[in-house]
Amino acid sequence: MTKAKPPRLAMLLLRLRLSKAARESVVGDLLEEYSSGAHPPIWFWRQTWSAIGQRYQRMEHLEEEGSRVMKNPFSGMWNDVQYAGRTLRRNPGFAVVAVLALGFGIGVNTTVFSLLNAIALRPLPVERSTEVVSVYQSFQGRIGRNVSGAISYFSYPEYKMFRDDNRTLSGLAASALVYASLAGDTPRRVSGQIVTCNFFSVVGRTPTLGRGFAENECATPDASSVVVLEHDFWRTQFNQDPTLIGKTIVLNRRAFTVVGIAPPNFPGTSLVPALFWAPITMQAALIPGAKYLDDANLSWLEMVGRLKPGMAVSQARADLAVILNRIDQANPPRKSVISVEVATLLGDPDARTMVFAGGSAALFAVGLVLMIACANIANLLLARAAARRKEIGIRLASGASRWRLIRMLLTESMSISILGGAAGVVFTSWSAHFLFNFVVSNIPRDVPGLSLDVSVDMRVLGYAFLVSLLTSAAFGLAPALQATRIDLNSALKDEGAGLTPAAARGWLRSTLVGVQVSVCLILLVAAGLLMRGLQAAQTVDPAFITTNTLAAEFDLKQQGYDDAKAALFNRQLVELLSSSPGVESVAMAAVIPLSGSNHQTSAETGEPPVSRPIRFNTVSHEFFGVLGIPIVRGRGFTEAETKSKTEVKLAVVSESTARRLWPGADPIGKRMLIAKAPFEVIGVARDARLTTLSSIDQTYVYFPAWESGQAKMSLLVHSSDMPAARRHIRRVVDSLDSAVIVNAKSLEEHVDFWRKPSLLLAAVAGTLGFVGLLLASVGIYGVVSYGVNRRIRELGIRITLGADQPDILRLIIRQGMRPVAIGLAIGFVVSLGLAKVMSFLLYGVSPADPMTFAGVSIFLFAVALVACYLPARRATRVDPIAALRYE
Amino acid sequence: MAARDYLGEFEQIVLLALLRLGDQAYGVPVRHEIERRTKRAITVGALYSTLDRLESKGYVKSWFSNPTPERGGRARRYFLVEPLGLKAIKRTQKAIAGMLEGLDLQKI
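Top to bottom, those sequences are chains A and B.
One point on numbering: in the numbering used here, the residue at position 651 of the first sequence is 651, and numbering is uninterrupted.
One point on numbering: in the numbering used here, the residue at position 53 of the second sequence is 1053, and numbering is uninterrupted.
Watch out, some of these pointers could steer you wrong.
[To be verified] Below are the DSSO-like pairs computed for lysine-lysine, each with C-alpha atoms no more than 30 angstroms apart in a straight line:
| # | chain 1 | residue 1 | chain 2 | residue 2 |
| --- | --- | --- | --- | --- |
| 1 | A | 643 | A | 756 |
| 2 | A | 649 | A | 676 |
| 3 | A | 335 | A | 160 |
| 4 | A | 745 | A | 756 |
| 5 | A | 20 | B | 1057 |
| 6 | B | 1061 | A | 20 |
| 7 | A | 643 | A | 291 |
| 8 | A | 291 | A | 565 |
| 9 | A | 5 | B | 1039 |
[Said to hold, decoys possible] Okay, the calculated beta carbon distance ranges per label pair:
| # | chain 1 | residue 1 | chain 2 | residue 2 | range |
| --- | --- | --- | --- | --- | --- |
| 10 | B | 1058 | A | 473 | 49 to 57 angstroms |
| 11 | A | 20 | B | 1070 | 15 to 23 angstroms |
| 12 | A | 42 | B | 1070 | 33 to 41 angstroms |
| 13 | B | 1053 | A | 870 | 38 to 46 angstroms |
| 14 | A | 391 | B | 1096 | 38 to 46 angstroms |
| 15 | A | 42 | B | 1038 | 20 to 28 angstroms |
| 16 | A | 473 | B | 1096 | 41 to 49 angstroms |
| 17 | B | 1070 | A | 167 | 33 to 41 angstroms |
| 18 | B | 1006 | A | 77 | 35 to 43 angstroms |
| 19 | A | 90 | B | 1058 | 55 to 63 angstroms |
| 20 | A | 458 | B | 1073 | 28 to 36 angstroms |
| 21 | B | 1070 | A | 403 | 24 to 32 angstroms |
[Unchecked claim] Derived contacts from chain A toward chain B, CB cut-off under 7 angstroms, selection only:
| # | residue |
| --- | --- |
| 22 | 29 |
| 23 | 32 |
| 24 | 35 |
| 25 | 47 |
| 26 | 50 |
None of these hints come from the bench; they were simulated from the model.
Built from N, CA and C at the ideal position, the CB exists for glycine as well.
Kindly generate the complete structure, drawing on both the sequences and the hints.
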């Protein structure tokens, strides 16, 4: 039998709590017996518990004899913990309710945190990840810079300066995310990284099979077509074939020799998992039609470096700042700041800011729910404290200090919250996966298998622990302070309501109810607004035809098509498709409406010329017909105009564009300058929501599609039989070039993409709002009900003296609803402010939407009224005789 | 006072176990012996706190053996019943026998 390892935590506890002599015999016995393998770990724990419990009491006893106990304010802490355990075991109902409520509240918080952790806090999956830093720059002021990715990335010449001149890094690597077309029976789009040849040595992940890149493979542009494959990709796509090393695969019509297989569980250094890595010098093949390597003013590379032994992140930051400063000075007016941090999947500072902003908003929302739960538990504790007045009185009378009692009560609430936190972590361990999958499955984008490690790690545990401590202070402190501030005389005589303390307690209870109601209102308003927004989003008309329309994109660029070849391909495609059965009309456009991409430039109009940013699209002459966007003035393009260059360049503008550029004038025949070239407006098209579903484009200009940019054109097909249309497109493309990848989606799917986020948000906010409402109404009910119980004698007297049922009902409800009304008023004001902040999430709903505010307030008021009415009705049934005898 | 002291139930059980085991009496076999004969699970905490109490009364003495590897390099603490302990158990047994005289528990 193998030797069983004892639980490490139990061993630690034993070492901490036992004297050296006791340790020798007790731990020795336990190890001797446990190592036989005959006992489960729970046995070890039970034994540990018994040993430290018994031992401690003995030591405590001895300590008291030496009267050291008075000097240490923390002595007897262990007794408190044991006492708390016993108290909770004696009140299992209270314990279970409190732990479950907290477990849920903390669990929801931890779940949100664990997603944030996976994206932006967890270090990269590399060797000794704390030594690996990511490097970015942020520009200050306006600067003309080319960007592929994010502006905080670096150019290749800049990378080389950092690599050669730094003194703090043992290696600095650069990478860029690329998408390439993998040839095969079914051609497929795959994501990968092009990297500098030291990449694998910097991240410390040597390929398990074959080799990484050699330095000389990064020496000459376009010379070394070699590739390293991701482990899972090798397993699924190539059947784990060990003889693949040395063979070739075809990416973007270029043969690449497989030289290595990366170790398992290494998805690269970017949020999008890489399926392959190629030397950076293969840029021209993998990002076709662009020359990136020599452009010193192009942001396209992310950098990760490994610190030299003993170097701190701050030293590397200072070191690299000097180099960046030198680059700034050589290129005025360039001005930038370096950012060097321990590398995570999301390193780009701008993206991190956005993720943290969104993450804080989400944490805030779930924090509100936890707050309501805390208020409920605080109320329960207050009620229990009232029931324990006598016990606390006796303790105080027999000499316990107030601090000692507060500590005892706080230990009790801390035990509850730590148990709640543990339940929360268990909850998180499955809910985080669930939430992540739910979110991913609801984003119908072609994000290639975005995968995050959302499992519980030390950071998540630490967060859960911190939240648990905070909550225990939130719900435990006020009741503990209240409970120990009692009038000994009346407490020991067990008089029903001591005057001052009871009034103070009442005030605290009302405040808790008020807080619950206002927090609940905030949650419900947010949920209500999002749902109203959702309703608007579902019905909002994009103002063009989306039904029965397919949009197809091709990877002509990756397949090495130049514009002339692409134009021929497109012309044949349209001709062949138009004559296919079931296809009603066909058009080409550079930008698919609502696909998430858009083109922008700036146009100059008027005298003196004013430059304005405009959105634009390049379209074939059938475009307006296929999408059902009518030309309201002038005319659209003719077939001839979209096939050959015209004398004067032409443009069709949207109604809004016409109003903005030429207010009050007839736009037909007007000119505008774009990149110094004059364009003449020949028609005005009706406004539509082409870029985002939430708003009409303020400017939108259409240009006829000429030769240039043909390799990036997409296809729009109108057909009453969509599956057939899909098949026709594939068939026609196959007949022209079977290597081309077709990505066809209906316009409805594109529209859905804009509706999904608000659907998701509304679902989440609605759930949170509902949970908050449930918790708050339980809280109101509990407080009013408790108040009625305490006042039964008073109510009996009132009834005896002639108060009738409606009087009593009014009295109880009026007093119960006062904090509710105050809470509603405060929540109302806060929600108004909050709604403004979240207005960017709302489609077609005013942030001060009266329907939502009035509806939610009335609803919450009604629920609170019911929660008050139930105990109040009980109060009216008080039997005066019984009530007067009631103690 | 100590001379007139009677033993508690568990104290008796522990002392009897030590007597049965002779020079082999340290924590693990003592617990096994008690568990086997009384069909009762004994925790180390309960056992050692009783043994400590018995030692402080002078009923048993204990000493440490050499460390052994299966105990993670820790020593065994062996116990032996002192004459005073033997006297105490005899006294307690006698008291119980006196109380039982003429009583037939089976018939009640």
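So, going through the hints one by one against the coordinates:
no. : hint                               : in the structure
1   : 643/A / 756/A                      : 38 angstroms, violated
2   : 649/A / 676/A                      : 12 angstroms, holds
3   : 335/A / 160/A                      : 19 angstroms, holds
4   : 745/A / 756/A                      : 16 angstroms, holds
5   : 20/A / 1057/B                      : 22 angstroms, holds
6   : 1061/B / 20/A                      : 18 angstroms, holds
7   : 643/A / 291/A                      : 28 angstroms, holds
8   : 291/A / 565/A                      : 20 angstroms, holds
9   : 5/A / 1039/B                       : 27 angstroms, holds
10  : 1058/B / 473/A: 49 to 57 angstroms : 50 angstroms, holds
11  : 20/A / 1070/B: 15 to 23 angstroms  : 20 angstroms, holds
12  : 42/A / 1070/B: 33 to 41 angstroms  : 22 angstroms, violated
13  : 1053/B / 870/A: 38 to 46 angstroms : 56 angstroms, violated
14  : 391/A / 1096/B: 38 to 46 angstroms : 39 angstroms, holds
15  : 42/A / 1038/B: 20 to 28 angstroms  : 22 angstroms, holds
16  : 473/A / 1096/B: 41 to 49 angstroms : 55 angstroms, violated
17  : 1070/B / 167/A: 33 to 41 angstroms : 54 angstroms, violated
18  : 1006/B / 77/A: 35 to 43 angstroms  : 36 angstroms, holds
19  : 90/A / 1058/B: 55 to 63 angstroms  : 39 angstroms, violated
20  : 458/A / 1073/B: 28 to 36 angstroms : 30 angstroms, holds
21  : 1070/B / 403/A: 24 to 32 angstroms : 47 angstroms, violated
22  : 29                                 : 4 angstroms, holds
23  : 32                                 : 5 angstroms, holds
24  : 35                                 : 6 angstroms, holds
25  : 47                                 : 5 angstroms, holds
26  : 50                                 : 3 angstroms, holds
Violated hints for the displayed structure, listed by number in ascending order: 1, 12, 13, 16, 17, 19, 21.
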